[in-house]
Amino acid sequence: MDILTQQLFNGLTIGSVYSLVALGLTLVYGILHIPNFAHGALYMLGAYVTLTMMLLWGIHYWIAMAVSVLVVGLLGVLMDRLVFHPLRHAPPIHDKIAAIGMLLFLEAFAQLIWGADYRTMETPYGQVIDIFGMTATTQRVLINIGAIAVMILLYLFLKKTYTGSTIIAMAQNREGAQLVGINTNRVAMLTFMISGGLAAIAASLSAPINLVFPGMGHLVILKAFVIIILGGMGSVPGAILGGYILGFTESLGATYISNDYKDIIAFLLLVVILSIKPKGLFSREGF
Amino acid sequence: MLIETKQLTKKFGGLVAVNEVDFTIEKGKINAIIGPNGAGKSTFFNLLSGSHLPTSGQVIYKGKDVTKLSPNKMAELGVARTFQTTHLFEESTVLDNVIVGHRLRTKSNLWDAVLRTPRFKREERKCREKAMEVLDFVELTHVMDQQAGSITQEEKKRVAFALALATDPEVVFLDEPTAGINPGETEGLAELMEKMVQRNITVCLIEHKMKMIMKLADKIMVLNYGEKIAEGTSDEIMNNPAVIEAYLGGDASA
Amino acid sequence: MVSLLKNKGWVIGFIIAAILFPFVLSNDYFLHVLTLAFIWMIAVYGLNLLAGYTGYLSLAHAGFFAIGAYSLGLLSVNTDINFWLALLLACLITSAIGAVVGLVALRTREHFFAIYTLCVGYIIYLVIDKWDSLTGGVRGLIGIESPSAIGPLTFETPLSQYYLVLFFLLFTVLIMYRIVHSLTGRTFIAIRNSEDLAQTIGISTMKNKLLVFVLSTFFASLAGALYASFIRFIGPDIGYITIIFDLLTYLIVGGIGTLAGPIVGTFLIVAVSQSLQFLQDYRMLIFGPLLTLLVIFYPRGIVGAYHDWRMKMAARKRNRPQKEQRYFEAETDESEKKIKEG
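Residue numbers (the numbering used here), protein chains in the order written: chain A, 1 to 287; chain B, 1 to 254; chain C, 1 to 342.
Worth flagging that the hints you see were computed from the coordinates, not collected in a lab. Treat the hints with care, since some could be wrong.
Unchecked claim - Residues on chain B that point at chain C, a partial pick, calculated with CB under 7 angstroms:
1. K68
2. L69
3. P71
4. A75
5. L110
6. T117
7. Q147
All values reported here derive from a predicted model rather than from experimental measurement. C-beta atoms are modelled at their ideal positions from N, C-alpha and C, and glycine is treated no differently.
For reference, chain A alone in the conformation it holds in the complex (with noise of 0.2 angstroms):
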């Protein structure tokens, strides 16, 4: 029972990352159907902003996390204007493969500029604290609330504000929006932006239960593809529950069948469900 819960804990934190991850890169696809491919190099230079901060200028990590948003947001708008702009129009392959040439160059750039090596990052919530009987560090209980206060204050933006209305007028109908006088070309922008700095926020939270490096991004992006299409491709509370989902069947998983395989678990899901539904669970066929 007790490691049940420990588990349950686990699953919880992993799915709050996982949910984070997948919530931007559901909100890219709402907007523009792209499946950035490169999203995982924005998760990853995420990490690598707040290490740099707290290292280099010994910043407190809530700053260094803020600084690390505003950075790989405005890296995200940069990805739209430069590449997947000019190609809105292009045939899908292309953009796929611009996205591919994008992460390539960002993780070899990472390399560059920090290394190869797996790096730590220390953060001053390492204590070990017993909640419920269970023990954790503090980090760990950080990761969920800071995500679950992420989350809430995404949809209120999303469902209360007039900007965050029109992303999702425009992902309901891109044309539709244009003719009520919606700026879609802001709208893609302000999206990339929230999209890369909600990667960066879950990038800081988890990188220091966690390692820093190059290709920490690879099986994280992979599992949140995973989830977009579990919840289906541009919904907001697909990629949340869907998150949690993958995050509880992954440490459980990992407990009760086989750690060595564990990651594999999300990936036969995703064939599974494709194998059944070749347009993902809540696809809207016809209209």
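With chain A held as given, fit chains B and C onto it using these hints.
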């Protein structure tokens, strides 16, 4: 009668796009389907050519139930179609674009291609000849060797016709064949349709250009909100109160 | 479909250059690099048939490359069967797995297909990495035999292996040429153009897509098996996603959907990488943006750009006055109005 639909219905979610339509396509004639935007014309077309499965109802082709056949099986039976937008391979020549149209009447497979068997050579020649023949029919021989991307919009429409004709069809469905081209060119395409009928190919088209349809079509069906509201010759259609109602909708300036 | 290779001069030139190369520059290191490049070219051709000619971007092909390599490696290390039989079996095993994957994967389209195959590729990598008892896990497979002699022909020296791989490359190019310039190839291109249109001209899209998928896995596995016998040591990293990104870079730079593209792109990048040795791990600093820029400005790569330039020249020669025609969409409304008024 070549094709007949019985109570053909298509629903998307709660929306009825085509509602219990009975329609017949007369052999050797020009049949037209008209109606206001969103009347369900394209959906009806997709049901006829096998691109969509109907929710209920039947499609009968030459006395045989073909409701559930896929588009490629329909093509083999002699039902060809064009699309509103032309999908040509722009980097390749017009002739190359059309050659593949006769593919369905050939049998050569991968091994024939790799080993260059006599059958392969025979069928390559056959497809090429067929392509030349249909390009001649649509009067495009002069642009045959040009890149498909470099020809005019009207010529592209003709290439799309040629591609459909290369399948050796008995009936050709044309989805708004003259959309986006000027009146003079529209005339030319209308003549081409008449020429097809003379060659004993049945034509069925969706069209917006009423004047052209009234002159051209032997038989017209009018769809509105997914339902058939009239069927008959152009005179009958022009004087049908339901049609006038649907098109004018009480607002003369529409 | 007119391509560089239709111009026989280029083909003969390439073959002669490739055959003569060892006599001009008899250097084992260069031979090694070129042999390896030829192996990649074979894999890129497989990818090109699927992604370039049929429009399905598969990101699982590093996985199939690895399956081919491991099949040969395992047959070689664990059994006594003849090398050539093992090579054939390796290709058949991979093609069979490819057929099963394709059967399901090809029901998805566009983004879903890319993501699906990316996941399949990752599963293959993870299975190779974790299935210690079969594959040796991270330790890899050591002691794979090199190609056995056929009569008097032996393949022990770098030179003989160079010619052997060259033979397989030429064999691949010949088959690709014949497929692309045939009704079968035209069928694939029609599917890339528009699957809906292809269906309405009587093409069974699923059957043809599956054929392409299996063919392309066949060539990926042929390349993988040759790699295993040439390097004689393999590890799980040959199935990692970075390999598929490399293959994709070669293809995009050379020209996706062109016959000469795989050779041109692979050769160029391998050559540049060699002269930029100091870059090694950082070569993607250059190739990453190159990939992105090419897709934006020259989506059909070097060969495609050359081809377009030639077509432009030909058009200029024909001196056909460019018709400047405007099409009047408004006409539709007008004629309808007339009906209503009349």
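Status of the hints after comparison with the structure:
1. K68: 15 angstroms, violated
2. L69: 11 angstroms, violated
3. P71: Holds, because the Cβ-Cβ distance from B:P71 to chain C comes to roughly 4 angstroms (cut-off 7 angstroms).
4. A75: Where the cut-off is 7 angstroms and the nearest Cβ of chain C is about 3 angstroms from B:A75, the hint holds.
5. L110: OK, holds: B:L110 within 7 angstroms of chain C, min 6 angstroms.
6. T117: 11 angstroms, violated
7. Q147: 6 angstroms, holds
Hint compliance for this structure: hints 1, 2, 6 are not met, and every other hint is.
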